[in-house]
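Asker: Listed here are the chains, written in short residue letters.
Number of protein chains: 4
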Amino acid sequence: MNRPSEQSPAGGFRARLHTVIFEADTPAGKAFDVALLWAIVFSVAAVMLESVSQVRLHHSHALHVAEWVFTVLFALEYVLRLIAVRRPLHYARSFFGIVDLMALLPSFLSVVFPGAQTLLVVRVLRLLRVFRILKLGHLLGQAEVLMTALRASRPKIIVFLGTVLSIDVIMGALMYMVEGEANGFDSIPRSMYWAIVTMTTVGFGDITPKTVTGQFLASILMVMGYGIIAVPTGIVSVELAAATRQHVDTQACPGCGAQGHDPDARFCKRCGTALDWTPPSTDGETG
Amino acid sequence: MNRPSEQSPAGGFRARLHTVIFEADTPAGKAFDVALLWAIVFSVAAVMLESVSQVRLHHSHALHVAEWVFTVLFALEYVLRLIAVRRPLHYARSFFGIVDLMALLPSFLSVVFPGAQTLLVVRVLRLLRVFRILKLGHLLGQAEVLMTALRASRPKIIVFLGTVLSIDVIMGALMYMVEGEANGFDSIPRSMYWAIVTMTTVGFGDITPKTVTGQFLASILMVMGYGIIAVPTGIVSVELAAATRQHVDTQACPGCGAQGHDPDARFCKRCGTALDWTPPSTDGETG
Amino acid sequence: MNRPSEQSPAGGFRARLHTVIFEADTPAGKAFDVALLWAIVFSVAAVMLESVSQVRLHHSHALHVAEWVFTVLFALEYVLRLIAVRRPLHYARSFFGIVDLMALLPSFLSVVFPGAQTLLVVRVLRLLRVFRILKLGHLLGQAEVLMTALRASRPKIIVFLGTVLSIDVIMGALMYMVEGEANGFDSIPRSMYWAIVTMTTVGFGDITPKTVTGQFLASILMVMGYGIIAVPTGIVSVELAAATRQHVDTQACPGCGAQGHDPDARFCKRCGTALDWTPPSTDGETG
Amino acid sequence: MNRPSEQSPAGGFRARLHTVIFEADTPAGKAFDVALLWAIVFSVAAVMLESVSQVRLHHSHALHVAEWVFTVLFALEYVLRLIAVRRPLHYARSFFGIVDLMALLPSFLSVVFPGAQTLLVVRVLRLLRVFRILKLGHLLGQAEVLMTALRASRPKIIVFLGTVLSIDVIMGALMYMVEGEANGFDSIPRSMYWAIVTMTTVGFGDITPKTVTGQFLASILMVMGYGIIAVPTGIVSVELAAATRQHVDTQACPGCGAQGHDPDARFCKRCGTALDWTPPSTDGETG
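Protein chains in written order, with UniProt numbering: chain A, 1 to 287; chain B, 1 to 287; chain C, 1 to 287; chain D, 1 to 287.
Chain A with its partners taken away, still in its complex shape (with noise of 0.2 Å):
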């Protein structure tokens, strides 16, 4: 029965809280939500200066202060969110609760595995609930648009990734045994190593192929890897296409619920009926 007990005193103070903490409709709710957005951003500086070595000699207290001050607001906050939720285990399980809870336990995992703070930046991911929380939903409405198009050439990804691991094996043991321990191929996983850096047209010239035979093997692959980088990208602007024009073509016709009209068009392309007929935004204003 917790449908009543939302009116009980306790239900109104977690009513109001979650209303600070979750929404970002009234002012204390968006104050907040622009307080967190600059503390994760603080903190996550923090942790990238805490890195560089020149500013860890002078300023390490500083840093370190402000670390805990930071994993104390953001654990406190943690603890109000569950306080404000209904279900706290269900909020806990979630994604977003499980990067709330990893973007503490790096500060107390430090305590034991000094240099473990570095995986603070994990906080990172927490800037995804602010800027839903903030009204940036257009901007989540694209990416649903991406992932959309990602999610649908799922299938076709993986076999492309299979053609290209098997090309990968085959290819670094062939140069391993071409070019062998002297000219940096050791073995055959950083023989993999090299076919990957070379296939992706990354090419750190870390590792180079010295003999006329593996020079040889190289340019196939870096043409292949030329033509093989022309297949997922063929496959999300396909996939991207048609999410696209789904996106775009929601209007179903009140007469017959039709889909599929031009995004302009005022009469039902099947039966005639008059559409509920708005001027035609762009693309991107409508996302």
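Hints were generated in silico from the structure; no laboratory data involved. Treat the numbers as computed from the prediction; the structure is a model and nothing was measured. Treat the hints loosely; a few may be bogus.
Where chains are identical, the list cannot tell them apart; a pair therefore holds if satisfied intra-copy or between any two copies.
Capping the alpha-carbon separation at 25 Å, the derived lysine to any residue pairs in SDA-like fashion look like this [as the list claims (entries may be wrong)]: (1) Lys30 - Leu109; (2) Lys210 - Gln54; (3) Lys210 - Leu57; (4) Lys210 - Leu76; (5) Lys30 - Tyr91; (6) Lys210 - His58; (7) Lys30 - Ala92; (8) Lys210 - Arg56; (9) Lys30 - Val212; (10) Lys30 - Met177; (11) Lys210 - Arg86; (12) Lys210 - His59; (13) Lys210 - Glu23; (14) Lys210 - Val178; (15) Lys210 - Gly184; (16) Lys30 - Pro189; (17) Lys210 - Leu82; (18) Lys210 - Val69; (19) Lys30 - Ile167; (20) Lys210 - Ile157; (21) Lys210 - Arg190; (22) Lys30 - Ser166; (23) Lys30 - Gly184.
We have chain A already, so just place chains B, C and D on it with the hints.
Answerer: This is chains B, C and D only, laid out in the frame that chain A set:
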């Protein structure tokens, strides 16, 4: 009462000046623009040459003189432009007004800060105006198509850059922990620089992972970068196709003025009026 | 007279063997395929581990034994496969038959040529069969779409590779003349290797131009490579869009059997029979 | 009065010569072209081999002889071609005429300037003619589709290259100021070379930023290059889709002349006239 004053002697002079400096319809105007184009090209070339140490050693004086001659000429031109327009402040605050001023300042700055004259290369941006004036307008039309395509994808691009930045921060921190200062990953910012070099498939090779874990993480990052490179390409392809289509379908219905008909439509899809049908032409020739 | 012999005892045994080895419909068949999958994975992993010098030092004997155990198992399996099919020669000359044999030979070769066992990684290709058998068919369906896209673009890709090769030969010769042996361009074949490394935007940096002319030529090559990389991507995008479209429009007209209707067509475009219309579904879900 | 002279003895000889040298319809013509193809391949291979120092050391004389034999043969062929055509000057000034001459000159040049024979690799361009003659016409059809796609995008590509050049000049100057000669950025032209290496994602790593500001600027340039690489790909995709479509939809309605029917349409979508229907073939086979 600006209008009448245009017929006054001063206004007539200003109008003539305006025609010469801002237009390219008259022989004088065209000559002025062509001279300006070459002055810009030579001026930028002089700045480049001065940076080459052998040239600087032997021709330092000549280049110094050339630089100041161009600066005085461009300063004169700037003053004339201010005189030629009716609202000097409006021009001074426009994009091209600011570029024109910025193309002068580095010379004067170099008196106080030696080396500042390198900034004179911003003069290259002045070419944009000259191109416009010389009626290379069809190129600017294409630039507009490209800009439309990019502007329409802005929300998608922001989401995309946000994702790239998040991956960059987290991978940078991970590699800093895994590889450490001994292997060149001596701070999170530097690790982030490495992660961007890797994800964009540039791969300088000035910093490279040495440990097995590091090379494994790098491999994952590279394959991800491989897929991520597909996203902007897909976005631009889709928007460019849309922008090109819009650009082509410019035939307006003689009955109701509606645009955006299919290239082979014979009747207006809004009001049914017969369109003045011509066989569809290719994309490129109308652009 | 093969048919009747299928009901004979020997034929019955062969049919059962065939069901276990070549199919995955029965529990025994599925168990066999899963066991085979893991055997392949472990066998390839063993070859990889053997190439790591530290591992080889300490576990050389164990890995050697494992390699021969897998070889004997796969040889047994190969013989069983030959028995299980009605036309052994036909199987032996098929793609998978050759792969199965090639997955055995390197072990025997390594007796004569030490190191040849590295070639055992071709066993990774055997995974293709197991994927097919384990009914990951929707992935192979996607692979087919990709292959259709690539096959349809074959003439375009040949022209493209011809162009790349011509540019490669000419740029290689030019750079060999301009840079010469002092800067690492010590033969035309090596210069061609450099030109491919550059054009594909891999950029190892093991050979780089040092002269001003060389760097200028390299800049032109890079910008050209930048544009050239667009061609295969464009080709694959276009063909993939065509292949996906074909894949989706599988609805046959109940009247005349014609296919290839628009996704939202209600009537056959050949004979006018009403189609069994369902709302168009997304690309990804049908794949 | 050229026509009648074709039947004269000299004209008959010229016609026969023309058939053998310029066509591949007769057995003699085909044999000539195949021989020419191999002569070109061997001649280019000889030039390449001569550049390898070990080969040059031991086979210098043989390669020198081969080079002159090929040069004499190609010179003879050039003279025969001049004789075989009715308007020798017209041929000499055509693209293939110039290539044929350029394929001879380097040998003679090498007498005066040792090393000039490397330019003999331009002979690789002569293969283009042979391909045409050997009726690999469907490949050239595809080449035409690609060229149409590229030509249609020319204005967009010029705008694009202009943008790349402007960014290159400005980034080159900035990096020269920020990094300076100590870090390898020792002149603006060299910095521009670095900026192109970076923007095209080649990333040799021969020059890399060492300062924090420089690495930050480089990161921005790389992410920009990441986005910029999307533009030519998008352009080519869109134009290629248009060129492919045009290539396929060439059937005009016999009733009203309308074009742009679906490849498998049997009736004109405008006026209902039956089209001269042939089964739809795949894109690749029609090219």
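Asker: Indicate, hint by hint, whether the structure satisfies it.
Answerer: Hints, one by one, checked against the model:
no. : hint            : result
1   : Lys30 - Leu109  : neither (32 Å within a copy, 45 Å between copies)
2   : Lys210 - Gln54  : between (40 Å within a copy, 16 Å between copies)
3   : Lys210 - Leu57  : between (43 Å within a copy, 21 Å between copies)
4   : Lys210 - Leu76  : neither (59 Å within a copy, 40 Å between copies)
5   : Lys30 - Tyr91   : within (21 Å within a copy, 40 Å between copies)
6   : Lys210 - His58  : between (46 Å within a copy, 23 Å between copies)
7   : Lys30 - Ala92   : within (23 Å within a copy, 39 Å between copies)
8   : Lys210 - Arg56  : between (42 Å within a copy, 20 Å between copies)
9   : Lys30 - Val212  : neither (65 Å within a copy, 36 Å between copies)
10  : Lys30 - Met177  : neither (62 Å within a copy, 36 Å between copies)
11  : Lys210 - Arg86  : neither (65 Å within a copy, 49 Å between copies)
12  : Lys210 - His59  : between (47 Å within a copy, 24 Å between copies)
13  : Lys210 - Glu23  : neither (61 Å within a copy, 45 Å between copies)
14  : Lys210 - Val178 : both (10 Å within a copy, 22 Å between copies)
15  : Lys210 - Gly184 : both (9 Å within a copy, 12 Å between copies)
16  : Lys30 - Pro189  : neither (51 Å within a copy, 31 Å between copies)
17  : Lys210 - Leu82  : neither (60 Å within a copy, 43 Å between copies)
18  : Lys210 - Val69  : neither (54 Å within a copy, 34 Å between copies)
19  : Lys30 - Ile167  : neither (52 Å within a copy, 27 Å between copies)
20  : Lys210 - Ile157 : neither (33 Å within a copy, 29 Å between copies)
21  : Lys210 - Arg190 : both (16 Å within a copy, 10 Å between copies)
22  : Lys30 - Ser166  : between (51 Å within a copy, 24 Å between copies)
23  : Lys30 - Gly184  : neither (56 Å within a copy, 42 Å between copies)
This entry does not satisfy hints 1, 4, 9, 10, 11, 13, 16, 17, 18, 19, 20 and 23, going by the numbered hints stated previously.
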